[in-house]
Amino acid sequence: MAESVMQRTPKLYEDKGYGGKWSYDYGVVLKGFANLWQQTGDPRYFQYIQENMDHFIGEDGSIRGYRKDEYNIDHINNGKLLFLLYRETGEEKYRLAANQLRDQLRTHPRTSEGAFWHKQIYPYQIWLDGLYMGAPFYLEYLLEYENQQGLEDVTKQFLLCERHTRDDKSGLFYHAWDEKRVQPWCDPETGLSQNFWGRSLGWLVMALADVLELLPETQPDYGELKRMFNELLAALRKVQDPASGVWYQVVNMGGRKGNYLEASASSMIVYALAKGERLGLLDGNWNNVLDHAFSGLIAEFVLETKEGWLNLNKNCQVAGLGGADQRDGTYAYYLSEPIIVNDQKGVGAFLLACAEYEALRKGEAAGA
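Residue numbers for the sequence shown follow my numbering, so the first one is 61 and each next one is one higher.
Please keep in mind that the hints were generated in silico from the structure rather than gathered at the bench.
Do not take every clue at face value.
Derived DSBU-like pairs (lysine-lysine); straight-line CA-CA distance at most 35 Å [to be verified]:
(1) Lys153 - Lys179
(2) Lys366 - Lys286
(3) Lys179 - Lys71
Derived DEER-like restraints, expressed as beta-carbon distance ranges [said to hold, decoys possible]:
(4) Ala392 - Ser122: 38 to 46 Å
(5) Glu130 - Gly150: 24 to 32 Å
(6) Gly368 - Lys71: 17 to 25 Å
Note that the structure is predicted; figures quoted are calculated from it, not measured.
Even for Gly, the Cβ is constructed at its ideal location relative to N, Cα and C.
Please model the complete structure; the sequences and the hints are all you need to start from.
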């Protein structure tokens, strides 16, 4: 898959539909390449990361197409690659660029309890997606450059998200919550959106896996985040499609007309499962669940072309709430968004899932 990506899109920012924007999608793909590079040592993977990031990062640390005053939590995601680039090259521009993104978080607007708004244009809203975009970068920055001070501000993001978006009955988390309860998509009493969207849950379990990997076990909220990770994966296990082993676009409505098995969410959940097992974060034996899910990823979504490239099918292109399109969060809405091949979020998550799964199984074989 990595070979296919490099040949198909040597310049990720030229991929159709992105218009050269500083888009979080690139960061998902490049994190997949970072995992591959760390496992294989193949310099082409590091070169691919650096060339794509260097399109955006100026010598003075400026970031092309980025504006702090948009206060968009999505814009933090690509910053995760800056730590790797700075460590490996020592080039100051990467640290300066990371400083810019950190500065955004210092003044990023928050709910009354201190959760980051998803975006300036989506005020007083927590979206599950935002935990993946912001929290792992924020944590790594604090560990790397701020002497591990303020870690509780990172863990608080998860605790507030759980407090407001978790459904006690199913254990799943709703896509979003509006503190002001004024958005057309939310329940006027609870502030919650209506459905359990697969990719939003995928973003959240990936965020938990990545934060738990870095968070010191002595941090007071570590146990709570580990519990949340286990409980959410247990809830996702209950809605895993028994036949294919993967997950639906709206995860808890597998049998409903129009629903479909979705590649990006399934890849994200496989990544979290494999990483959770590898790091010893998961209680009990998840091996069979993980093997079934990983086999399902390959069987359900991957197609090889006659040129030998791999395609990843059945990706939801994008889904959100509100905005200019007045996205209402209904079941029909989540089913109405385009389903495409090789969406960057899906391909990136697939690379991450494969890299983690292979690392886990290699580690087990070496241990045996």
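Evaluation of the provided hints:
For the proposed pair lysine 153 and lysine 179, the alpha carbon gap of about 26 Å is at most 35 Å, so the pair holds. A hinted pair counts as satisfied when its Cα atoms are at most 35 Å apart, and lysine 366 with lysine 286 does not qualify at roughly 44 Å. Between lysine 179 and lysine 71, the direct Cα distance comes to roughly 27 Å. Compliance with the 35 Å bound is thereby established for this hinted pair. For the pair alanine 392 and serine 122, the beta carbons lie near 43 Å from each other, so the given range of 38 to 46 Å is met.
Checked against the hint of 24 to 32 Å, the pair glutamate 130 and glycine 150 passes, with Cβ atoms roughly 30 Å apart. With their beta carbons about 21 Å apart, glycine 368 and lysine 71 fall inside the hinted range of 17 to 25 Å.
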